[in-house]
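Participant: Residue strings, one per chain:
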Amino acid sequence: DGGITQSPKYLFRKEGQNVTLSCEQNLNHDAMYWYRQDPGQGLRLIYYSQIVNDFQKGDIAEGYSVSREKKESFPLTVTSAQKNPTAFYLCASSTNRGSYEQYFGPGTRLTVT
Amino acid sequence: AQSVTQLDSQVPVFEEAPVELRCNYSSSVSVYLFWYVQYPNQGLQLLLKYLSGSTLVESINGFEAEFNKSQTSFHLRKPSVHISDTAEYFCAVSDTFGNEKLTFGTGTRLTIIP
Chain P
-1 DGGITQSPKY LFRKEGQNVT LSCEQNLNHD AMYWYRQDPG QGLRLIYYSQ
49 IVNDFQKGDI AEGYSVSREK KESFPLTVTS AQKNPTAFYL CASSTNRGSY
99 EQYFGPGTRL TVT
Chain L
43 AQSVTQLDSQ VPVFEEAPVE LRCNYSSSVS VYLFWYVQYP NQGLQLLLKY
93 LSGSTLVESI NGFEAEFNKS QTSFHLRKPS VHISDTAEYF CAVSDTFGNE
143 KLTFGTGTRL TIIP
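Residue numbers (our numbering), protein chains in the order written: chain P, -1 to 111; chain L, 43 to 156.
Chain P on its own, in the form it takes in the complex:
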């Protein structure tokens, strides 16, 4: 089955700790994205990558970092600099060949206390 996996489903961390969220896709998609979802605010773009070894900041990149060493993988690190990290994080991917549809993973709910 082709798709996007995110792990873990639920993640708990203490304030001040960095945490890395996993995102893997086997759809052979070139582009990958990270979104943050908060109640009543929709989805906000954190980082995106349109090709391996390249990525760009989205609208709310402060306090986050990413890497794109492999086409299949786009991990997101939530650093201790992120002031309000508790949220639902969604990873997505798409081709660069004109369909413009983004496919989403099941999400990771991060709780920082």
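Keep in mind the hints are simulated off the structure, nothing from the lab.
Note that beta-carbon positions come from the ideal geometry of N, C-alpha and C, so glycine has one too.
Be aware that a few hints might be false.
Quick list of in silico lysine-lysine cross-link-like pairs, DSBU-like style, CA-CA up to 30 Å [what the hints assert, rightly or not]:
{"id": "1", "chain 1": "L", "residue 1": "91", "chain 2": "P", "residue 2": "69"}
{"id": "2", "chain 1": "L", "residue 1": "143", "chain 2": "P", "residue 2": "81"}
{"id": "3", "chain 1": "P", "residue 1": "7", "chain 2": "L", "residue 2": "111"}
{"id": "4", "chain 1": "P", "residue 1": "68", "chain 2": "L", "residue 2": "143"}
{"id": "5", "chain 1": "L", "residue 1": "143", "chain 2": "P", "residue 2": "69"}
{"id": "6", "chain 1": "P", "residue 1": "7", "chain 2": "P", "residue 2": "55"}
{"id": "7", "chain 1": "L", "residue 1": "143", "chain 2": "P", "residue 2": "7"}
Chain P residues, not near chain L, derived (Cβ > 10 Å throughout) [said to hold, decoys possible]:
{"id": "8", "residue": "0"}
{"id": "9", "residue": "9"}
{"id": "10", "residue": "13"}
{"id": "11", "residue": "18"}
{"id": "12", "residue": "20"}
{"id": "13", "residue": "60"}
{"id": "14", "residue": "66"}
{"id": "15", "residue": "70"}
{"id": "16", "residue": "81"}
{"id": "17", "residue": "82"}
{"id": "18", "residue": "107"}
{"id": "19", "residue": "111"}
With chain P's structure known, arrange chain L on it following the hints.
Facilitator: Coordinates of chain L only, in the frame set by chain P:
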């Protein structure tokens, strides 16, 4: 830059009644438009999209949306809703120049009343 407005944060509807979820967008360039659905604690699934051609697009589960360029709208409709349609619905827009970033609205929570 684009923006998307979903004016209704919550829409309660009786089962088997019709529903319309409103979406308006703002953009200085041509756009592609999307509706996504999200069931509780899950990721988003594409419901339907407008890229070009017929302005009326349909999904396999009875939803339809019409692109209205003059009113910059892409409202989602269903003539008769079911309990299983309870979910959050997001409208999204991207430009047509190969930049595949999507801009999302804040979502509309559709609640079906038995």
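Participant: Tell me, which hint numbers fail for this structure?
Facilitator: Checked against the structure, the hints that fail are numbers 3 and 18, while the rest are satisfied.
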